[in-house]
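K.L.:
As a plain string of letters, each chain reads:
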Amino acid sequence: MLVYTIKRFFEMVIVFFLFLVISYLLFNAIPGNAFSSLLLNPLLPPEAYQKTIEAFGLDKPLFERVQLYIINFFKGDFGYSYTYYPRTPIDLIAERLPRTLMLFSIVNVVAFYTGFLVGKILAWRRGSKSETWITIGSVFSYTVFYPWFALMMLWFFGYKMDWFPLGKFLVPEKWYDSPYASDEIFYTLILFTTISSFLLFLVFIFTRNIESLQKRRNARLFGLIILASLATMYWTNGEAALKRFYAADIAYHMILPTFTVTLVAFAGTALLTRTTMMEVLKDDYILTARAKGLSQKRIRDRHAARTALLPVVTSFIFTIITIIDGSVLTESIFSWPGMGQLILEAVVQEDIPLAMATFSFIGILALIAHFIADISYAFLDPRIRIKAEN
Amino acid sequence: MPDLLLEVKNLSMHYDTLDGNVDAVKDISFSVKSGESFGLVGESGCGKTSVAMTLLQLQPDNSVITEGSIKLDGKELIGLSENDLRKVRWDSISIVFQGAMNAWNPVIKIGEQIREAMREHYPENSKQENIEKIDELFKMVGLDGSISERFPHELSGGMKQRAVIALALSCDPKIIIADEPTTALDVVIQDQILNEIKKVQDLLGLSLIYISHDIAVIAEMTDKIAVMYAGSIVEMGPTKDIFENPVHSYTRALLDSTPSIRGEKRKLKSLDGEPPSLINKIDGCSFAPRCPDRETKCNPTEHMRLVEIAPDHFVDICSQGKQ
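So the sequences go chain by chain: G and F. Numbered per the working numbering, the first sequence spans residues 15 to 404. Numbered per the working numbering, the second sequence spans residues -1 to 321.
Because the hints were derived from the structure by calculation, they are not lab data. Just so you know, even glycine gets a beta-carbon here, dropped at the ideal spot from N, CA and C. Accuracy of the hints is not assured; some may be wrong.
Unchecked claim - Straight-line distance between alpha carbons at most 25 Å, and here's what the computed PhoX-like set of lysine-lysine pairs gives: (1) F:Lys107 with G:Lys296; (2) G:Lys229 with F:Lys31; (3) F:Lys69 with F:Lys31; (4) G:Lys311 with G:Lys143.
Claimed, not checked - The following residues of chain G were derived to be distant from chain F, with all beta-carbon distances above 12 Å: (5) Leu165; (6) Phe178; (7) Tyr201; (8) Ser211; (9) Val217; (10) Ile219; (11) Asn223; (12) Ala255; (13) Tyr266; (14) Thr289; (15) Ala303; (16) Leu358; (17) Pro396.
Here chain G stands alone, though its shape is the one from the complex:
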């Protein structure tokens, strides 16, 4: 397993290197950039022009520039953003990335969990009326033209019903006399979410081995209640009590985009789970499980759904990547100031260092996602685990 992991890691590094070279060449092929339009100013003295070009290394031949860029990249130097000068791309990404990650991790977890749950129930209740309607609904939300759908959601829930704000990250009026910066509050939120989901995960892991199903359910319920009371204690005491008001504002802005993307993302998982599970239900071992006298729920969850999980996990991890680029659309529609908007800005304004840096980040995320997919696949399917070991 370790050898397999190391091998995969080295493959990843090579792929990433190629990715960097190719995207650098592609960006270089675009005529002009934000910088050159700045330099075309006729009032700029020629010496200053020459000096600036040299300072940024733009007079060097292409091959040397690629070399230089990659060496600097691995040193952690991404140059300067042309449009946000003197801020560096890494600085901008550090500001924007958490917002995107927060929004989309919540979406992904919720979408995967509900999608899998709905999918397995759909397959199990094959042919019933509710199955037909939910499947039709899922096909709709899976195939709908996403920007239109997002705008409709915004129009209906934001404008018509006035339940949710029309995009943005916060309501500026509430923050005029705020003692905290919005990012500080946001980091608190992220920390809170991460820790509570980790604890929730622990509760599920530790209760896994309880043999009796009844006892297991009670133990989980008990764990949830403890977690919920801990969370309440946290937000009502000390400094967090002061932050609560501002945190609620940000969380409130997150609801509608999360809900919209989840609706779209969950359908894919649900439909795929439904199909694979229907295949699995035809297998002989399901008949064995029934002959053994196992309960319906146990056959569904332990035998059918567990085996159907494999292709679903793979496809899900690939959708994570598309969701990250999909953030361009989502964030533009809901004016959420995250990575998606940054990418769009960088590309439209041809801010090449910034664009390169953001694209590399997506590349890294995509590679990590594939890496996790491979590892988790080996973890879920013993047949692959063995092969990887040999």
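Fit chain F to the given chain G structure using the hints.
P.N.:
This is chain F only, laid out in the frame that chain G set:
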């Protein structure tokens, strides 16, 4: 009668398909005493597996049992609720399926798959007790206890089939159905598995229903056999009687098509034609179109029903000629 473990009476079942009803099981009656082994033989598609599935009430959703009763230990199985059936399955009656290759869930360890059944039927047992029992069962079928910790794909076909037998024994059933347990295996392993089944059956005093198309295997395994053709039993009796004195033309044809090692060399006979499609209603004897004796000895217009010609030896009435 206390020693009558399984009693099937007038069982009829059909599959509801788009093309019409397929009469897979037609008016079948038989009984199995405790400790007895009963063989069900017939060519592919004659309804053997349908009978097996109906005994466990595991028939597909499109099947309809039109009449009949299945009594296991005096308890009627047809019409039991799913929850009550779950208690009967594996606890009283277990099955060794046709394809052992696919009988195991590929992502769960063998031991866990056996324990899961034991947990369901003996919730009071501790994990350690279950593990000990599985080790014992594995020893009985000639497997090492460490197999519990393996995944199905790590075992060979023969090992998987042995493990399936251990699985079938795990909840101390009174009766085991073996549905062609050796078809996917080579001859050497086949023989070992058969011996294993026999040994275990003698050791534990189980009843066995052995289903196969291979009459030679059936002869070796069973005390009593029933020959099935097109969904009906055409001849039933003690194995010895049937082999020495086959009455029905189909039984004879079946025996004639099997080579014998010790007997004199002879040309194997085969039957012309194919078994009838069960989708069409058949009047009279369903074997008549292929029957070599239809012109001479038989009365193919007679509706099929069994008559007793010797103690415990039943045969379809049409083979008895005109009365």
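K.L.:
A separate judgement is required for each hint: does it hold in the structure or not?
P.N.:
Tested hints:
no. : hint                   : result
1   : F:Lys107 with G:Lys296 : holds, 20 Å
2   : G:Lys229 with F:Lys31  : violated, 41 Å
3   : F:Lys69 with F:Lys31   : holds, 12 Å
4   : G:Lys311 with G:Lys143 : holds, 20 Å
5   : Leu165                 : holds, 43 Å
6   : Phe178                 : holds, 42 Å
7   : Tyr201                 : holds, 40 Å
8   : Ser211                 : holds, 26 Å
9   : Val217                 : holds, 22 Å
10  : Ile219                 : holds, 18 Å
11  : Asn223                 : violated, 10 Å
12  : Ala255                 : holds, 47 Å
13  : Tyr266                 : holds, 42 Å
14  : Thr289                 : holds, 18 Å
15  : Ala303                 : violated, 7 Å
16  : Leu358                 : holds, 43 Å
17  : Pro396                 : violated, 4 Å
Going through the hint list in order, the structure does not satisfy hints 2, 11, 15 and 17.
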